[in-house]
Amino acid sequence: MDTQQQQSSIQGAKVLMVGAGGIGCELLKTLALSGFQDIHIIDMDTIEVSNLNRQFLFRRSHVGQSKAKVARDAVLRFRPHINIRSYHANVKNPEFDVDFFKQFDVVLNGLDNLDARRHVNRLCLAADVPLVESGTTGFLGQVTVHVKGKTECYECQTKPAPKTYPVCTITSTPTKFVHCIVWAKDLLFAKLFGDKNQDNDLNVRANNAASSSKETEDVFERAEDEDIDQYGRKIYDHVFGYNIEAALSNEETWKNRRRPRPIYSKEVLPECMSQQNGSTQNCSATDDDSTVSAMPLLGLKNPQELWGLTQNSLVFIEALKLFFAKRKKEIGHLTFDKDDQLAVEFVTAAANIRAESFGIPLHSLFEAKGIAGNIVHAVATTNAIVAGLIVIEAIKVLKKDADKYRMTYCLEHPSRKMLLMPVEPFEPNPACYVCSKTPLVLEINTRKSKLRDLVDKIVTAKLGMNLPLVMHGASLLYEVGDDLDAIMVANYNANLEKSLSELPSPVINGSILTVEDLQQELSCKINVKHREEFDEEKEPEGMVLSGWTQSPATNGESASTSNNENEKAVDVTESSSGPEMASKKRRLSETQPENDKKETENVESDDDELMEIENPVMVSKKKKRVE
Amino acid sequence: MDGEELTEQETALYDRQIRVWGANAQRRLTKSHILVSGIKGTVAEFCKNIVLAGVGSVTLMDDSLVNEEALNANFLIPPDENAYRGKTVAEICCDSLKDFNPMVLVSVEKGDLSARSTEFFEKFDVVVIGYGSLATKKAVNEKCRKLSKRVAFYTVDCRDSCGEIFVDLQDYKYTKKKLEEKVECELNFPSFQEAVSVPWKPIPRRTAKLYFAMRVIEVFEENEGRKHGQCSLLDLPTVLEIKKKLCEANTVSESHVPDSLLERLITGTIEFPPACAIVGGILAQEVIKAVSGKGEPLNNFFYYDAQDGKGVMENISNSFTS
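Residue numbers (the numbering used here), protein chains in the order written: chain H, 1 to 627; chain D, 1001 to 1322.
Chain H on its own, in the form it takes in the complex (with noise of 0.2 Å):
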């Protein structure tokens, strides 16, 4: 581009990436071809095979191995005399302080969620030091550069939060296919092979408060010599025959809904399959095989293929089989894993049975395992332009060129004739909690919500503090820590069970929270006012937070498969690392740019947010005493 001065700049400068995957390969690349010299590379992440098909520094040989660690030896081939310092660790760890920060001239995210994301922005923040930001989905991608002062914060403008559903949507009305997924995933898998102590919503029926749960709960235990085939078939005719038939008495859930139909095992699948074949008593592999599969046991080659209701069926119960007869040890402590063959099986199966129960389109295993996984869909072009773009940005930042500073918006379809669209960054939003400390309010009912509630809730969730602290005036009600004493953390464990206004310091209507992150270097106050109902449907957690608002709707869903040729409809899911148009304006100098933004994917109206699509945490995080 110009001049000494900026190669000087570049041959002098200390780069900090967070990230070594798909935008970080291409970055590593870009950056030494263009000069840089002392560069760091955090990542915690080892290499998968999915991954080789743009992560270029890879090769099958490294799979397992660190992301940042390999990169860093594949571009020294080519760059031998520069620095990369490798990390493999999460940049969340405290090693990665605002003192860290502080050494590096700009920071550059090639980070693929949300959390990370908020955590980075803090640290830079705090440590005033520039950020460049990006992220990719597909054909989509976008660069945006954060300057303390000087430009928006990551935060300043909300990002969407993970997709989440109600829970009666999951246990009782599903509609659409994700619906059936993630009773699949997080209900179903969670039950019969996860961690029994969890709550499981799998029984609760909808305007049925009085379930005989302790009756059926039996159901999904499996008596030491129970026939694996056997009890599969009881497994399917609960799930799927009963627990439809009893959802189905409550007329009123049924009034203006379509009805779902019972299934029973012994009208789609043919008595004693175990004799068919490769039945899993006759394999002589080993007891203990994580890589069996119950495709090939009964034909089935293409993951792209739809299965249809005896199909599915089919694979349902081999795959529970399989789960018994080969990984019995696994069983109680599994967790879905979408590079889990298996799991994916059973989860693709059971989703597609319920679906056709409910008349809902089936989907093949490929797209189930896209929806269960939260696959992001990703090529290498993307990450190539993409990381072009940053390291451009990067260079203006290093040169002080405020005025140069861009957003660059990588479309699919071109916007007035424009592939590659820079817009002027924003200023600071003077409502920011995060980088202008404007106070926010919190409605909350404080005789009966706990401090535990609002820690998960507000602090850690919605606020997305890491080690955080409250504090009412002078008294410090909650920190995490690893310094703290036996009796300081039994005076906290014993405050998060107390309601608010129980707290020794007691929070009431008109009290003022302080809540901090050190490590983030971010603090928030929050204004306190008590409010007795809550809207059950419309505000299912109880509180409300304002001053911290949802971005809306319309920002921008990337993430939906527009090229997938097979064109069923695949839902959204995290979409954080897809771009966010801006829809509202500030200055900007050029023309304003046209939200050719894609159709956006049905938000669901009924938009509480309960379950989170992609961790079989429930709403009721309340593990069952142990007696």
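Take the hints with a grain of salt, since some may be wrong.
Within a straight-line C-alpha distance of at most 25 Å, the following computed SDA-like cross-link-like pairs (lysine to any residue) qualify [said to hold, decoys possible]:
#1 H:417 x D:1186
#2 D:1176 x H:361
#3 D:1182 x H:304
#4 D:1182 x H:418
#5 H:417 x D:1175
#6 H:69 x H:3
#7 H:457 x H:506
#8 D:1178 x H:418
#9 D:1177 x H:418
#10 D:1310 x H:415
#11 D:1087 x H:76
#12 H:338 x D:1011
#13 H:417 x D:1317
#14 D:1310 x H:74
#15 D:1209 x H:415
#16 H:399 x D:1264
#17 D:1098 x H:74
#18 H:417 x D:1202
#19 H:69 x D:1071
Covered stretches of chain H (in silico footprint by chain D; criterion: 3 or more residues with CB under 8 Å from a CB of chain D, positions within the stretch not fixed) [what the hints assert, rightly or not]:
#20 25-39
#21 74-86
#22 301-310
None of these hints come from the bench; they were simulated from the model. Just so it is clear, CB atoms sit at the ideal spot from N, CA and C, and this is done for glycine as well.
Using the hints, position chain D against chain H.
Using the frame of chain H, we list chain D on its own:
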């Protein structure tokens, strides 16, 4: 469909991109043959991208020997003199590219591209000319157009921190998504000759200046017998003369082509790596689209300039004059 299906290995490797463009598109990619001539930073990026995408084969043509300039923006060349001494750029890049995806056939073709017969190009589905001369680009495009098989034709050129991509897909049918439906579309592309000979006057005002600047540079290099990038500030007077003549011939004012832009293009002979990544990425996306027949293609020029950060599509054809 047996033998036509993607193997289990391919499905596992390409999982994330199949979720973007679908299994059918992936299948078509694995059967496609790409010819690439002229390898510098941008084309190296392009090659990396299409190899990762899993095309059937990539044939590389570049007999220049590795030198310092080549090492600059081309990460496919390891800076080990023992490794590259005596080898051509194509040969070294071939070895590196194979590594990225063992399922792609990467090979080297020696010799002069413009000397090749028309039949030579029939082997390929896509031809990409990097940093080619005006004469070569014209000649190869004409040969591609003569074939009954449709060969997609691309040129790419990066100077300083700017880039130009040209696309000729002849008569092209493709599908694109409109709302929830798939729509069949057809486009008619002008040849390279036509696209660079379009009279300047009717071309809309807001068209990227790079289009005109590149045409001036093309003429300059042809007149002076220069290779890509074989120029310096000393050539500026000559270049400005050519600009003047072209503007006169087209009855447009000289301000049509900013002098500063021309100066940038002839002094910035080394490619700017971030621009290589961007232009190489866009080019790869276009080739992938053309091979798979999915998605609206670039029609027919793309320009990137890191100075203003815009990446724009321009449609330049004789339709302006009709």
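Hint-by-hint comparison with the structure:
no., hint, in the structure
1, H:417 x D:1186, "holds (19 Å)"
2, D:1176 x H:361, "holds (24 Å)"
3, D:1182 x H:304, "holds (20 Å)"
4, D:1182 x H:418, "holds (23 Å)"
5, H:417 x D:1175, "holds (20 Å)"
6, H:69 x H:3, "violated (33 Å)"
7, H:457 x H:506, "holds (20 Å)"
8, D:1178 x H:418, "holds (19 Å)"
9, D:1177 x H:418, "holds (19 Å)"
10, D:1310 x H:415, "holds (11 Å)"
11, D:1087 x H:76, "holds (22 Å)"
12, H:338 x D:1011, "holds (15 Å)"
13, H:417 x D:1317, "holds (16 Å)"
14, D:1310 x H:74, "violated (31 Å)"
15, D:1209 x H:415, "holds (19 Å)"
16, H:399 x D:1264, "holds (20 Å)"
17, D:1098 x H:74, "holds (15 Å)"
18, H:417 x D:1202, "holds (18 Å)"
19, H:69 x D:1071, "holds (24 Å)"
20, 25-39, "holds (count 6)"
21, 74-86, "holds (count 4)"
22, 301-310, "holds (count 3)"
In summary, the structure is inconsistent with hints 6 and 14 from the numbered list given earlier, while agreeing with the others.
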